[in-house]
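Make a model of the complete structure from these sequences and hints.
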Amino acid sequence: MSRDLLKSYRFREERQADWQKLDLILTRAENGGVKRLSDEEMLALPRLYRQAVSSLSVARSISLDQNVISYLESLCTRAYFFVYGARTTIGERIMVFLRKDWPASVRAATLPTLLSALFFFGGWALAFFLCVQDMDWFWTFHGQNFFDGRNPDATVEYLRSTIYTDGYGEGELSAFSSTLFNNNAQIALFTFALGFAFGIPTAWLLVYNGVMIGSLYAVFWDKGLGYEFTGWLAIHGVTEIFAIILAGAAGFIIGGAVAFPGNRTRLASARAAGQQAATIAMGCVVMLIAAAILEGFGRQLINSDGTRYLIAAATGVLWTAYFYLPRRERQE
Amino acid sequence: MTKIPTPAQGQQKSPIVSMEAATQRRARMAEAMRQSKLVRNLITPEGAAIRLKLATAGERAGAFLIDIIIQWAIVIATFLGLIFVMGAMRNESMNIAFAVWLVFFFFVRNFYYIIFEIGQRAATPGKRALGLRVAARDGGRLTANSVLARNFIREIEVGLPFQFSLMGMFGSSGWMALLGLVWSCVFLLFPIFNKDKMRVGDLIAGTWVIRAPKAKLMHDIASVTVNQGGSSRYAFSTAQTDAYGIHELHVLEDVLRQSTPDIKKQVAERIRIKIGWVKQAGETDLAFLESYYGALRRRLEQRMLLGDRKADKFDVR
Chain U
24 MSRDLLKSYR FREERQADWQ KLDLILTRAE NGGVKRLSDE EMLALPRLYR QAVSSLSVAR
84 SISLDQNVIS YLESLCTRAY FFVYGARTTI GERIMVFLRK DWPASVRAAT LPTLLSALFF
144 FGGWALAFFL CVQDMDWFWT FHGQNFFDGR NPDATVEYLR STIYTDGYGE GELSAFSSTL
204 FNNNAQIALF TFALGFAFGI PTAWLLVYNG VMIGSLYAVF WDKGLGYEFT GWLAIHGVTE
264 IFAIILAGAA GFIIGGAVAF PGNRTRLASA RAAGQQAATI AMGCVVMLIA AAILEGFGRQ
324 LINSDGTRYL IAAATGVLWT AYFYLPRRER QE
Chain R
1072 MTKIPTPAQG QQKSPIVSME AATQRRARMA EAMRQSKLVR NLITPEGAAI RLKLATAGER
1132 AGAFLIDIII QWAIVIATFL GLIFVMGAMR NESMNIAFAV WLVFFFFVRN FYYIIFEIGQ
1192 RAATPGKRAL GLRVAARDGG RLTANSVLAR NFIREIEVGL PFQFSLMGMF GSSGWMALLG
1252 LVWSCVFLLF PIFNKDKMRV GDLIAGTWVI RAPKAKLMHD IASVTVNQGG SSRYAFSTAQ
1312 TDAYGIHELH VLEDVLRQST PDIKKQVAER IRIKIGWVKQ AGETDLAFLE SYYGALRRRL
1372 EQRMLLGDRK ADKFDVR
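Keeping their order, the protein sequence lines are chains U and R. Note that the numbering used here numbers the first sequence so that position 25 is 48, with each residue one more than the last. Note that the numbering used here numbers the second sequence so that position 185 is 1256, with each residue one more than the last.
Some hints could be false.
The following label-pair restraints were derived from C-beta to C-beta distances [claimed, not checked]:
hint	chain 1	residue 1	chain 2	residue 2	range
1	R	I1147	U	K123	36 to 44 Å
2	U	A40	R	V1146	27 to 35 Å
3	R	I1147	U	G55	27 to 35 Å
4	U	V57	R	A1358	29 to 37 Å
5	U	P284	R	M1090	47 to 55 Å
6	U	I85	R	L1113	48 to 56 Å
7	U	P284	R	V1171	42 to 50 Å
8	R	R1328	U	R130	52 to 60 Å
9	R	R1105	U	Y347	52 to 60 Å
10	R	V1229	U	Y187	17 to 25 Å
What the hints contain is simulated information worked out from the structure, not anything from laboratory work. Where a beta carbon is used, it is the ideal one built from N, C-alpha and C, also for glycine.
Here you go:
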């Protein structure tokens, strides 16, 4: 019996040094990132990868050594994902997101955004007009003991005191605003995620949130505090409501893709829409952070109505410009 | 640990197979069938096929459990740390610290998965522990947008059933909560009912979760016989090497790689009986098994070159 008869043994002996070299490079890359590889290793990688892949197909047909085959399977899978995997760092990724992806996907979703705004402000207007005509509607929407006494029975003085920071400590309110951020961001993600049930829960959530704010608005309006309350709300609300509307738009994008897939399969359609929508939803989280900062600090420190309006207008202009101003495609 | 099934009828060459062996064989085939349902062939741009094994729903649940535990550990540890530090704080800065912690909680809840899955290994610690990773379904790059999409959707898959059960516990409308819970469980149990084991998030993001465990290259057992140069001490006849097939070779490989001396001894005994080998003076079980492994592999590979795969010992031609 000569050595030659065990072909798989010779096959392995000739190639295993290269397999192990590839393994080493991959392990290093997986642990420390691409930067830790030398130029030499980066050059060797494609060759080693192709060789491992061809070794795998040979091994499948001639070798009976389970360990070799499963090792090569795992090695090739790892190498494949490395060679064809994402190469950007998180930092670069964030820059691309802020500079290009986010405004581009918001711009591409103008129609769903308008639809989302329609639901939200529709709910708002409905609740507002119902409540202004008959304050009993407020209790229908909110139930009893809601909004720490900010209800139709409250006095004008009390309502005014909730708009301006007199009795509150600063810290207490920033905790309050971060609770609100948590809540809002979670609702925004919810609005997005529920979109895939044909967008119906998304529409409902938008209307519901509109109704909540609209009825509260009516309470202040009724007591002649409309101007002051608008300032109180707008300083962070422009950003926050914009974010919620965009989250709704993201939900509608998915819902629309699932409901009307066109020529594609529902699955492919949902997948294509999902990625654009997720970018918008991610952006909503960023906006809600900005809103929470404005709410936690801006609103508490600034008690002048004029300044509040000014900041609100500025944020409105800034977001609109950031999203919708046409920009030149950068050549890269 | 699989064992070599007991030889059917001693050394009889007749194809009569005992009931027990037949049942075992059938179970083995069924298991192989089940496993092959989880395998997807990925054709690389080089034209080679890589087999991707999808993670089972159980594995994914396990990974998720580990991740949840890690997340809660982080959240609780920072909270306890905060309480500890709070003693030294004034009331106002305490509130600010609590506010920061709340935001931190949000990020741990939502971005824990995203940060890990955007990374080079495309896996959270839980997935890494079980040898899983996220991959794009079309075999292309896993984009950051996909990672965002699949993780934001988690909010309804896990958050929704959770909220409905909370509603059931504290809220008044029990029936509504129950209905909601049932409805939301459709999302939670979604991976069990589709052949690709996808979550709704995977579906939207165009991803799936595959098994990509790191395997170690171990020594070749056949090296022992090859290096001996085929010494005459263990010269097996063709009839003796034809007693078993590929399945038994693989079981023998497992036995040699990872079993106790006691099991090796039993296996060696059984093989000796089956092939009619008389134990020689000074012959150890390990040496016998390794030599037989080498001889069997050589024989099976030879037959394979001629296009003849002997699947197992029942495969008589």
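Would you pick out the hints that fail for this structure and give their numbers low to high? 2, 4, 6, 10
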